[in-house]
Amino acid sequence: MLMEILIAVAVVSVIGAVLAALLTVSELFFRNYGPCEITINDEKKITVDGGIDLLSALVAEKIFIPSACGGRSTCGLCKVKVLEGSDLVLPTEEPHLSKEERENGIRLSCQVKIRNNLRIEIPEELFLVKEYETVVDKITDLTHDTKEFRFALKEPAEIRFTPGQYVQILTPKYGKSTEEVYRAYSMSSDAADKNAIELIIRLVPGGICTTYCFEQLKKGDSVKLNGPYGNFRLSDSDAPMIFIAGGSGMAPIKSLLYQMVREKISRKCTYFFGANKVKELFMRDLMEEFEKKLPNFKFVPVIAKPDANEKWDGETGLVTEAVRSAFQKASDCEAYLCGSPGMIDASIAVLKELGVTEDHIFYDKFA
Amino acid sequence: MKKTPRMQQVEEMLHSSQIVSGGFFGEDRRDLTEIIDRDTAQVTAGGSTPAELTTKMRKITSEAKKGLGMWVDLPDNRRARIDEAKGQLICPWPHPFRCDKRVTTLENQTTGESIIWTDLNIHLIEEHNFFEGKGSPFRIEPALLIRMLF
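Heads up: the sequence lines are chains A and B, in that order. Our numbering numbers the first residue of the first sequence as 238 and each following residue consecutively. Our numbering numbers the first residue of the second sequence as 37 and each following residue consecutively.
One or more hints might be untrue.
DSSO-like cross-link-like pairs, simulated, lysine-lysine; straight-line CA separation at most 27 Å [claimed, not checked]:
| hint | chain 1 | residue 1 | chain 2 | residue 2 |
| --- | --- | --- | --- | --- |
| 1 | B | 170 | A | 542 |
| 2 | A | 589 | B | 170 |
| 3 | A | 367 | A | 350 |
| 4 | A | 516 | B | 101 |
| 5 | A | 384 | A | 350 |
| 6 | B | 95 | A | 542 |
| 7 | A | 535 | A | 548 |
| 8 | B | 101 | A | 514 |
| 9 | A | 529 | A | 516 |
| 10 | A | 367 | A | 336 |
| 11 | B | 102 | A | 384 |
| 12 | B | 102 | A | 516 |
| 13 | A | 410 | B | 95 |
Since the hints were derived computationally from the structure, they do not count as laboratory data. Note that this is a predicted model, so its numbers are computed, not measured.
Put together the whole structure using the sequences plus the hints.
Right under this line is the structure:
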């Protein structure tokens, strides 16, 4: 009886092992798509091993598509146009794609599995995106939860970017964070300062990258960045401008102000900057310098709720309310916004009330 | 208890880094059922229910959103703030649920205690009674949550 049971167990085990081996071997044959060719913008051709996702294949070729979620299909940033060779849009992509985008072949590159040759289209400017080996040159405390990081460029040693653009920081595995992730931050530096990149980063509770920057990074550490990305930039018009930012949203606005000084842009400009407390206001000296150098520039700090012991006779309340009370009408203005999605949505609502048309409101919704 | 294939599939997803870096289990070696049972028992012992907790969490998040990233004062010397990031989080259970990447910080200025949660935490507690594993960045201790909310 015992022998029969042992034989039965052995037979079942052998059958299981054979089936597992068959599955492994069949995967090697049937899921091996061989080399596949990707034609990019009908100009560049790359050959990759099939079976991997398009985003990884492009990154391996040093073609960087913005992505903030490490290929989990949660950020919706890595959009490319697939002209030929695409399979169906996956359910994971649907919430990130409009009907029009789906009809035009837009896909999330992290969700496109390469199984055959592909013909794709990406914005030309992404060919200019490079990966930068950098070293932390300086870390400046701005408030209790905001710091400015200065990264000296090593290889390549220079960056060319348009003020308002952003880079991505590669956060390596550390502590409980088990995989590399990229996170995007607007550059705060003067674009004329070609050998360094400055970023203003606010600590996000539980944030993978911000925790890494605040707790791990120190002067002299090596950091990989890639960029520049984004279309947030000053327009060529002469329209008066309203800048609205809060916290780390200061970054791209500071870069735009350097540009205005350098290029002697004399457009009328009012910058509303929101902070929680007076002690959380930063770079006031720098803003005063900009006010001296730019005769039509005015900096309006807005404190949400000053402490009783804080001396403050400036604007109080929400930054959006300060904008509303400063203008009766702003239909001739352009607005440049940087902050959290909620702050941007609230600002857009107020600006529209003041008559600013949607095509004159520019923003990058990055926290 | 023997795990159902569905439970096994969920556990694998919770351990993986597919949705959030490091997964939802942290350093917790217990299985999903045990985590859920222990945390639910703590909630009951604290005189509450997951539904009651999530109603209060959602209300605080909604209040904090009005601050546009600044602290918003709440009754009982508490304050709350929202931090937002681009993108969405998806539920690790096999059903369609997505939410914005939003972190609510609730601080009790009298005791100095604070707690953070994401919109996904609210869903996980409400729908799955899951407070995440110990050591996970967004683990919520039921006892602390009850102290902070009531």
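Status of each hint after checking the structure:
1. B:170 <-> A:542: Roughly 36 Å between the alpha carbons, so the hint for residue 170 of chain B and residue 542 of chain A is violated.
2. A:589 <-> B:170: Not satisfied, since the Cα-Cα distance of roughly 46 Å exceeds 27 Å.
3. A:367 <-> A:350: Holds: residue 367 of chain A and residue 350 of chain A sit about 24 Å apart, inside 27 Å.
4. A:516 <-> B:101: holds, 22 Å
5. A:384 <-> A:350: violated, 39 Å
6. B:95 <-> A:542: holds, 22 Å
7. A:535 <-> A:548: Cα-Cα ~21 Å, so holds.
8. B:101 <-> A:514: Answer holds: residue 101 of chain B to residue 514 of chain A is near 18 Å, not above 27 Å.
9. A:529 <-> A:516: Judged against 27 Å, a Cα distance of about 23 Å means the pair holds.
10. A:367 <-> A:336: violated, 32 Å
11. B:102 <-> A:384: Given that 27 Å is the threshold and the Cα spacing comes to 25 Å, the pair holds.
12. B:102 <-> A:516: holds, 21 Å
13. A:410 <-> B:95: violated, 35 Å
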